[in-house]
Structures are given as C-alpha cells and as structure tokens.
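When you get a sec, could you build the whole thing from the sequences and use the hints?
Taking full-length UniProt numbering, the leading residue of the sequence shown gets 1, the next gets one more, and so forth.
Quick list of the computed label-pair ranges, beta carbon to beta carbon:
(1) Glu135 with Arg107: 14 to 24 Å
(2) Leu83 with Ala24: 16 to 26 Å
(3) Gly25 with Gly119: 31 to 41 Å
(4) Gly144 with Glu104: 16 to 26 Å
(5) Leu114 with Gln178: 18 to 28 Å
(6) Ala79 with Gly167: 31 to 41 Å
(7) Glu55 with Glu104: 36 to 46 Å
Just so you know, the hints here were simulated from the structure itself, not pulled from any lab data.
We treat Cβ as the ideally placed atom computed from N, Cα and C, and that holds for glycine.
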Amino acid sequence: KSLLVSMSMSGRPNTVRLVLLGAAGVGKSALIRRFLHNRFELKYTRTVEELHVLEYHTAGSGKMHLEILDTSGSYSFPAMRELSIRHSDAFALVYAVDDPGSFEEVRRLRDEILELRGGKRAPITVVGSKGDLTETEGRVLLAGDVMATVEGEWDANFVEASARTGGNTVGVFRALLQQVDLPHRLSPALCRRRDTVPSPAAKKRPPLKKNNSCVLS
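Okay, structure coming up:
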C-alpha cells in the first residue's frame, strides 16, 4: 500500500483527496462534470464547495476512496480555502487560457499552498482550462510560455484541457493521481453512478457529497 495513501492529509485511511482551486469562472466545475459524467453545460453556476467521492479497488490496496473537492473561486470563503489546502493530498490549480488574471491567481494560490503546508509535500498540477481556444478565439496564454514557468521554475505538472470538447480532461486527473502514487489509467465509463440528488446550495451547509463507485486499473 502506498505510504502516501496511508498518510492522507484528509485524516482518513485509504482515502485520497484532490482539490481544484482557481479564480471564479475558469472551469473547475466544468472539468469535474466532464470527467465524471461526460457532459458540458454552457450556463455558469457559482460553486460554494462540493465534494465528489469515488469508491474503487486497486490490486494490493483493497477498497479506496478518491475525493474530488470543487472549491469556490470567490474571496468570500478564505477559511474554507485554507481548510481545503491543509487537508488535501494533491492540488489542481486551474486558470483559463483567455484570462491572464486567472494565471496570476494560480501564482498566488501556489504561494499560499507552500506557505500553509510548510515542509509538508504539496503535489501541484497547473491546469490550463478552455484549452480548445485558439488565439483568434480569445486565447491569450500560450501553452509553451506557461509550461516554461510551471515546469521550469515551479517544478510542477502542467496540463491543458477543455471541458467543452472533453479534450484531455482525463489527463488532468491522471496527472493528479500520478503525483500521489495511485493507479492513473482512469476510465470514467467504468464508474457505476450513485449520485445523490443535489440539495439547494446554502453558504453554511457542509460540502455536498456525491458518491460514485469506480474501477481503476
């Protein structure tokens, strides 16, 4: 069994928590929705905090739980963001390729993670969302430029993906799982859905938990 799994920052054995952080509207929820359900919604819905739980089995490790935490991009919830940083095992810092300001937020979030985690391991994958956009369609941030910073200066993973087309969405979660030494050949189609019915969002409610049963090879 992976030592990282046994010592999960979530505080629960056989549980790994991945958290997506980034500015509002960059596509964090859309990436998760495309990965879990293979669908894309044009309408933007503001997220407060939502927790998705997948149960799966791995050779030699038995039953595992993979938690995917979707966070708010708002500055209104700094305490929630700090908790998610302290108690997660790997981080996806998401920016939009048509929004330079969202990459500056990724830079700030990285600094916050390193400060809060101190000497503890903080696996980071930087995700360029809306990766299907061309320069004529509004792309401002080029993959090569961002990669030079992320991989060359920050020693972090870099992935571009598109929730709209589905392009490389699985690659985002594969990169995160690689960083915590878990099997990373993911096939969302193998997941047997057991979603709870979403309840109306309320600021003071605990994160909405959604359960899925999933097989990872």
